[in-house]
Structure formats: structure tokens, C-alpha cells
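Kindly generate the complete structure, drawing on both the sequences and the hints.
Each protein sequence line maps, in turn, to chains A and B. Counting in this note's numbering, the first sequence runs from 530 upward without gaps. Counting in this note's numbering, the second sequence runs from 738 upward without gaps.
It is possible that part of the hints are untrue.
Unchecked claim - Dumping the calculated DSS-like pairs for lysine-lysine here, alpha-carbon to alpha-carbon at most 27 Å: (1) K909/A / K766/B; (2) K748/B / K909/A; (3) K1007/A / K875/A; (4) K909/A / K800/B; (5) K1060/A / K674/A.
Unchecked claim - Label pairs and their in silico Cβ distance ranges: (6) I747/B / I811/A: 33 to 43 Å; (7) G834/A / N742/B: 50 to 60 Å; (8) Q744/B / R981/A: 57 to 67 Å; (9) I811/A / N746/B: 50 to 60 Å; (10) R901/A / A797/B: 54 to 64 Å; (11) I747/B / P761/A: 52 to 62 Å; (12) I747/B / D630/A: 26 to 36 Å; (13) G732/A / Q744/B: 41 to 51 Å; (14) E756/B / P908/A: 25 to 35 Å; (15) M912/A / E756/B: 38 to 48 Å; (16) I747/B / M912/A: 40 to 50 Å; (17) A929/A / N746/B: 34 to 44 Å; (18) L772/B / R981/A: 50 to 60 Å.
Unchecked claim - In silico contact screen, one side only, chain A against chain B (beta carbon under 10 Å); selected entries: (19) G680; (20) M726; (21) E911; (22) I915; (23) F916; (24) R917; (25) D918; (26) D922; (27) T930; (28) M933.
These are computed hints drawn from the structure, not numbers from a lab. From the three backbone atoms N, C-alpha and C, an ideal C-beta is built for every residue, glycine too.
Residues per chain are reported as follows:
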Amino acid sequence: MSKIFEVPLYPYQRSADQDQATPARHKVVVVGAGPIGLALAIDLAMQDVPVVVVDENDKVSWGSRAICFAKRPLEILDRLGCGDPMVDKGVIWNLGKVYFDERQVFGFNLLPEQGHKRPAFINLQQYYFEQYLVDRVRQLQAEGKPIELRGGNKVLELSQDETGADLTIGTPDGPYRMKADWVIACDGAASPIRNMMGLDFVGRVFEDNFLIADVVMEAEFPTERWFWFDPPFNRGQSALLHKQPDNVWRIDFQLGWDIDREEELKPENIDRRLKAMLGEDISYELEWSSIYTFQCRRMDRFHEGRVIFAGDAAHQVSPFGARGANSGLQDTDNLAWKLKLILDGKSPLTLLDSYDAERIHGADENILNSSRSTDFITPKSEMSRIFRDAVLDLSERYEATRPMVNSGRLSVPCTYDGSPLNGPDCAAMPDRTRPGSPLVDAPVPGGWLLDRTGFGFQLMTIDEAAPDVLTVEGVEVKSLPLNTADDTDGYLRQRYLGDATSAVYLIRPDQHVAARWDHYDETAVKAAVLKAIGR
Amino acid sequence: MSALNTQANIKGPDEFYAELLSVHEGLSKQQSDALNARLILLLANHIGDRAVLSQALKAASLKD
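In C-alpha cells:
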């Protein structure tokens, strides 16, 4: 049986654009049909922005690749109408164990907070993730939404002026040209678009190699994340074991810098490593293996004229902490509504500067966290190793140092502190929902708060009255009236009121808080809406 | 914000110093380095106050 990543999902088909005498013009062309490109295209199409996705391949990603998806991206996927298949298929986990040398140092429980629709994390192979996104594209197409997916379409050339970009696309039938108001490069860490434009992508190189072996096996191991520092089966290095759906296990061996890649990738050598780790009598099937190195880096700016970068094309981190795909999805979440407002003529082009400001803030946070994890996993000096080992040794006996054990700080949503779009704050209210924060989910009558928000601006009120609809310079702000009488478990009060007795939250289309007050004031709300749309 | 106490604060300084040396007796350089690191981490956790810890790190660096 072929694996899903071996079957063409969007094979090349000749498009009408290829027979045009003058190049067709599109609103948005997304380059790259990976998780980020697909999510962005779905987001735009759901807002009736016509979008064409081009990818030189025609299949989902080869091998499992990204496997850990955090709560915030799952909420974004819910907004995009495809959270359920992901969560239904995904493996939910909360427990982890840390080993040092031959000993288990400690175990932990992520103890997910109650009162959220979605779990803290799921593990899901990237190929399923992409498959479900492609399914969603097909569903939107059936509903007549303006979204096209062109496999076997490779961008060969790109030029731009202040009104748009000109693309030359290579296909099995030869090249053709098209124009686009906007081009979004979601073409990965090696971004050919970024290279064509000669833009810098600099940062820190980590001199290390990691071997991923994804194996199918019937194993007795529980659904936990196991991490080894300096284990007997991989001396001086680290290792990771993590479960994915379909009895696929992600095993990650740190190899060090000076290795023979070809030699390490030989099945017999992988087999030797697996047996040393899991025992001589294991039986498994190797689904996918790969050796990767990584860098932590980002572009100086995430947009250059009419070309916008998102995901790994714009920023790259180590895999520790699952901050790659997860942060890329937050890029698309941030970008889609801004692009829609600009295309509708409701916001100036400068709104895109807030995409840079907010997502560069996110990228820097991820790079910082990811670099710190890497420095703990691979100490860069003798003293760094002495302290690392001291933390691990102490953690076996005492709780004191366990929070310092860093095998990856798992992705948490980014709060856009200091964003140019943020409006007034109210000091009596909880810190976690301050302007710039993503909404914190809570049960509300008839379902979940997050399911009742997204796409448009909303004014969420708690025990306070506001008009059903407020229109500010053509932007509609719909009210979302809630009250504490329905808040039986107190989540709303705890997460949104704090010491205030009533609240008014201006919520952005990406479910982030733009501003908040303890009472409704039309003038103040209108000013905050204008600020949030970049006017 | 509390400040790092750089005044003498340990009763019986000679006894403390002797005890500090005694835990290192018979250890290799590597073992001693490890012990020192564990000691720093435990003491730092006990202090907890981030501002004090930063002052201590700076003070220990003997720079300006």
C-alpha cells in the first residue's frame, strides 16, 4: 500500500492562465502548498479573497516532519473549519519523562488548564495535517469559494513594481506568466523566492546533526514524551521518543557535528541505534528517516513591496519546542485579515508594517526560546555542560531545579505587547488577556468562546451594554454580549474580568485582544478600531 | 526591590569556610566543579529574588 505522502494529491493540470495572450492577474498568489501556504489560502478564500496556490510538487510533505501542534494553532484551524479532523486523528499527550545517563530524573504532567475546547498539544504527522488542509480546500471549492491549488507549478522568476508582482511559472507544459496584487512566499526555510529577491536570512548556525527515525511499531510505551540527556545508547548526545497516530513513533537521535551523513542514514546503522535504545527484540518498520541540521534566523523584514513572507521562509528555529509550523500558522492568522482589509481599501498599505512588528516579535521570542533549549541540550562550553549536568543531577532529588530542565519550551501563543495596533488597557483586568493577547478560551452558552469569534472585529461585553453593530469607516464591529450570570464555572470572570465588574473587549479578526475597558464608550471604541486597522 | 547583602552575614565565618572546603575534600577537579555548580543552583533557588540574583552575578564578576 502506498503511504499518503507517496500519492499525488494535487497533480499538475493545465490551467486557463497558460493559454492567455496577456498574463492573468490574480489578487493573491501563495507560493508553497505546505501547512502555512494552505492555511493562509484557506483563510483568504473564506473571506472571499481570490487566491491561487502554486507548488512545484503535487504531494503532501514527504515523511512526518512537523509532528507537534499546539493549542493556539488548533484554535486557528477551528476558525478555518478544519480543527476537528486534526484533533480526532491526533494523539493527545500531557505526560513527559526526562532521563539523564541511566536514570529517570523526573516525570512531569503538563496539567492542561480546564475550560478550553482544545488540548495543549496534539501529535500529528505533517502529511495528515496537509492532507486535511487539502480536504478543506476541496470543500471550499465545492462551496464555490475562490481558491485554486496548482501542483507542478514552480516559480521561475519574480519581479515587482508598486502595484503588484509579475511571475513566471514553470510547468511540465512549459512556462507561463501571471500577475498578482500580492505574492505570499510560504516556500520554506530554503525559500527560492527569498533567494530570487536576494534578501538576507541570517542568524545563528548550530553545529549539530539530528537523525529522525519515524518507525511503525506495536510498542507498550505509554503516550508520553521521553527525553534522554546523555543516555548509554547515545553517549554525550540526546534522544527523544514521542508517539504519533497509527503507531508511528518519532525517535530523534542527536549525532553531533562531525558525522558521515550517508553512513548514518543506512538502514543497518539506524537499526543498530534503535536496538541499542529499545532492545534487541523490537520489531518495527522504518517509515521515514532524515538527518537535519538547523539554524535560528529570521529576515530583517517580513514583507518587501508586494511580496510577503510567512512561516519558515521568514524565520527558522530549532525543532525543540515545536515552534516552526506552530509559529507559521500564527503568521497566517495575523496576515490574512490585514490583507483582506487592504484589498478592500479599508486599511492603508502600512497596516502590513504591523504584520512585521507583531510577527517579528513572535519570531524573536521563538528564536530566543529555541536557542536556549539548544544551549541546554547541547552545552557549548565546559562550564555550560557542568551547569547543565548539575541541573539534571539535582532534579532527580529536588523539585527546585526541574523548571530549568530545558528539552524544548513548547510553543505558547504570542502576545503582541507594544504592537502599534494595541489600544487602551484596563489595569483591573487579568494580565493574560491584555491588549495584544490571543483570546483565552472559555465555555460560553452554547459552546466555546473561541468558536464565536474570528474573521470580523467584535466587541465582547460582559455585564455591559453595547450596540449590536457599530460601523467604523466601513469596518463592521459586531457585539458579542456575555454575562456573568451564565458563567457558572467562573472562567469568564477569572479570564476576562479580574477585579473589574464589567468589561468591553475589542477583538480582532485573528481573535487577539485589541483594547479593553470596564465600560462602553463609543468614542473610545471607534478610536481603538481605527488604530487596530492601521488608520 | 531588595538588595544583595554584601555585608558580612554568616555567623561563624571560619566554621562555614571550613565546611565549604570539607565537602570538596577528596574530590577530583571535575567532581568539585560539579558540586560547586549544584551548590550555586541550590543557593540561587533559595534566594529566588531575580534582582538579587542579578546583582550577585554582577558582583561576582568583579567588574566595575
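Against the structure, the hints:
1. For the hint linking K909/A to K766/B, the alpha-carbon distance of about 20 Å falls within 27 Å, and the restraint holds.
2. Our distance criterion of 27 Å between C-alpha atoms is broken by K748/B and K909/A, whose separation comes to about 39 Å.
3. Note on K1007/A and K875/A: the hinted pairing holds, with a Cα-Cα distance of about 17 Å set against a maximum of 27 Å.
4. Among the hinted pairs, K909/A with K800/B is consistent with the structure: their alpha-carbon atoms are about 24 Å apart, no more than 27 Å.
5. With a C-alpha separation of about 30 Å, the suggested pair K1060/A and K674/A falls outside the 27 Å cut-off, and the hint is violated.
6. Between I747/B and I811/A the C-beta distance comes to about 55 Å, which lies outside the given range of 33 to 43 Å.
7. The supplied range of 50 to 60 Å is met by G834/A and N742/B, whose beta-carbon atoms lie about 57 Å from each other.
8. Look at Q744/B against R981/A: about 59 Å separates their beta carbons, and that is inside 57 to 67 Å.
9. Taking 50 to 60 Å as the suggested C-beta distance range, the pair I811/A and N746/B conforms, at roughly 57 Å.
10. About 22 Å separates the C-beta atoms of R901/A and A797/B, a value inconsistent with the hinted range of 54 to 64 Å.
11. Taking the beta carbon of each, I747/B and P761/A are about 42 Å apart, not inside 52 to 62 Å as hinted.
12. Checked against the given bound of 26 to 36 Å, the beta carbons of I747/B and D630/A, roughly 35 Å apart, stay inside it.
13. For G732/A and Q744/B, the hinted distance range of 41 to 51 Å is satisfied, since their beta carbons lie about 45 Å from each other.
14. Distance hint for E756/B and P908/A: a CB-CB separation of about 30 Å, consistent with the stated range 25 to 35 Å.
15. Judged by the Cβ atoms, the range 38 to 48 Å given for M912/A and E756/B is violated: they are separated by roughly 24 Å.
16. One distance hint, 40 to 50 Å for the beta-carbon pair I747/B and M912/A, is violated here, with the actual separation near 26 Å.
17. A C-beta distance of roughly 22 Å is found between A929/A and N746/B, which places it outside the suggested range of 34 to 44 Å.
18. Judged by the Cβ atoms, the range 50 to 60 Å given for L772/B and R981/A holds: they are separated by roughly 57 Å.
19. Given hint, G680/A at the interface with chain B, is violated; its Cβ is 53 Å from that chain's nearest Cβ, farther than 10 Å.
20. Interface restraint check: M726/A against chain B, minimum CB-CB distance 42 Å, threshold 10 Å, status violated.
21. Residue-level restraint check for E911/A holds (minimum Cβ-Cβ distance to chain B is 8 Å; threshold 10 Å).
22. With its C-beta approaching chain B no nearer than about 5 Å, I915/A sits inside the 10 Å limit, and its interface hint holds.
23. Given hint, F916/A at the interface with chain B, holds; its Cβ is 5 Å from that chain's nearest Cβ, closer than 10 Å.
24. The beta carbon of R917/A is positioned within 10 Å of a beta carbon in chain B (closest approach about 9 Å), and the interface hint is therefore held.
25. Interface hint status for D918/A: upheld, as the beta-carbon distance to the closest one in chain B is roughly 6 Å, under 10 Å.
26. The beta carbon of D922/A comes within 6 Å of a beta carbon in chain B, closer than 10 Å, and the hint placing it at the interface holds.
27. Taken as an interface hint, T930/A checks out: its beta carbon lies about 5 Å from the nearest beta carbon of chain B, inside 10 Å.
28. The beta carbon of M933/A comes within 8 Å of a beta carbon in chain B, closer than 10 Å, and the hint placing it at the interface holds.
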